[in-house]
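Trainee: Model the full structure from these sequences, guided by the hints.
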Amino acid sequence: MKSNKKTKYDLVEAVYNDTKYEKKVVQSVLESLLSEIKDSMKEGSTIELRGFGTFEPRLRKGRKKARNPKTGEIVSVAPHYVAAFRAGQDLKKSLWDYPLNIHK
Numbered sequence: 006m007k008s009n010k011k012t013k014y015d016l017v018e019a020v021y022n023d024t025k026y027e028k029k030v031v032q033s034v035l036e037s038l039l040s041e042i043k044d045s046m047k048e049g050s051t052i053e054l055r056g057f058g059t060f061e062p063r064l065r066k067g068r069k070k071a072r073n074p075k076t077g078e079i080v081s082v083a084p085h086y087v088a089a090f091r092a093g094q095d096l097k098k099s100l101w102d103y104p105l106n107i108h109k
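Residue numbering for the sequence shown is 6 to 109, as defined by our numbering.
These aren't lab readings, by the way, just hints derived from the structure by calculation.
Fair warning: this is a prediction, and the values are worked out from it, not measured in the lab.
Among the clues, some could well be false.
The calculated DSS-like cross-link candidates involving lysine-lysine, where the alpha carbons are at most 25 angstroms apart (straight line), are [claimed, not checked]:
(1) K43 with K97
(2) K97 with K70
(3) K29 with K13
(4) K97 with K69
(5) K97 with K11
(6) K28 with K13
(7) K10 with K25
(8) K66 with K10
(9) K47 with K66
(10) K98 with K10
(11) K97 with K13
(12) K43 with K13
(13) K69 with K43
(14) K11 with K25
Computed beta-carbon distance windows for the label pairs [unchecked claim]:
(15) T76 with L105: 16 to 26 angstroms
(16) T59 with K28: 25 to 35 angstroms
(17) D15 with A88: 17 to 27 angstroms
The beta carbon of each residue, even a glycine, is placed where N, CA and C say it ideally should be.
Mentor: Here is the structure:
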């Protein structure tokens, strides 16, 4: 799979090219969608986008003997939530058909 990155700007451009809505409108809708997903997850909600995937907050256990990778120092990490994404069936199937680039 290509290792190129797409940014919010790239997504706005792609939606603009597909729909011809004003870029400001597309950007506003994208920002609103992402904000709603983030706010819902902060409230503990799971967001299911059928055919695409599910965003959910997951509790990560705390650890008393974690290691700071930068300094090597042993630190304690409290339990906390992390954002998790599970791909939906349609997204998984679409990636199965993606050609493998074995020779780099």
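Trainee: For every hint, state whether the structure bears it out.
Mentor: Tested hints:
1. In summary, the hint linking K43 to K97 is supported, as the alpha carbons are separated by about 23 angstroms, within the 25 angstroms threshold.
2. Under the criterion of a C-alpha separation no larger than 25 angstroms, the hint pairing K97 with K70 is inconsistent with the structure, at around 36 angstroms.
3. Simply put, K29 and K13 have alpha-carbon atoms about 12 angstroms apart, close enough for the 25 angstroms limit, and the pair holds.
4. Restraint check for K97 and K69: the C-alpha separation of about 37 angstroms exceeds 25 angstroms, so the hint is violated.
5. Of the pairs offered as hints, the one joining K97 and K11 holds, with about 19 angstroms between alpha carbons and a cut-off of 25 angstroms not exceeded.
6. With a C-alpha separation of about 12 angstroms, the suggested pair K28 and K13 falls inside the 25 angstroms cut-off, and the hint holds.
7. The hinted pair formed by K10 and K25 meets the criterion: a straight-line CA distance of about 23 angstroms does not exceed 25 angstroms.
8. The hinted pair formed by K66 and K10 fails the criterion: a straight-line CA distance of about 31 angstroms is larger than 25 angstroms.
9. Proximity of K47 to K66 is assessed by CA-CA distance (about 17 angstroms); at most 25 angstroms being required, the pair is judged to hold.
10. This hinted pair checks out: K98 and K10 have alpha carbons roughly 21 angstroms apart, not beyond 25 angstroms.
11. Distance restraint check for K97 and K13: the Cα-Cα separation of roughly 22 angstroms lies within the 25 angstroms cut-off, and the hinted pair is therefore satisfied.
12. For the proposed pair K43 and K13, the alpha carbon gap of about 15 angstroms is at most 25 angstroms, so the pair holds.
13. In summary, the hint linking K69 to K43 is not supported, as the alpha carbons are separated by about 29 angstroms, beyond the 25 angstroms threshold.
14. Between K11 and K25 the alpha-carbon distance is near 20 angstroms, which keeps this suggested pair within the 25 angstroms criterion.
15. Roughly 39 angstroms separates the CB atoms of T76 and L105, a value that falls outside the hinted 16 to 26 angstroms.
16. Between T59 and K28 the beta carbon distance is about 29 angstroms. The supplied range of 25 to 35 angstroms therefore holds.
17. In this structure the hint that D15 and A88 lie 17 to 27 angstroms apart at CB holds, the actual value being about 21 angstroms.
The structure is inconsistent with the numbered hints 2, 4, 8, 13, 15, although it conforms to all the rest.
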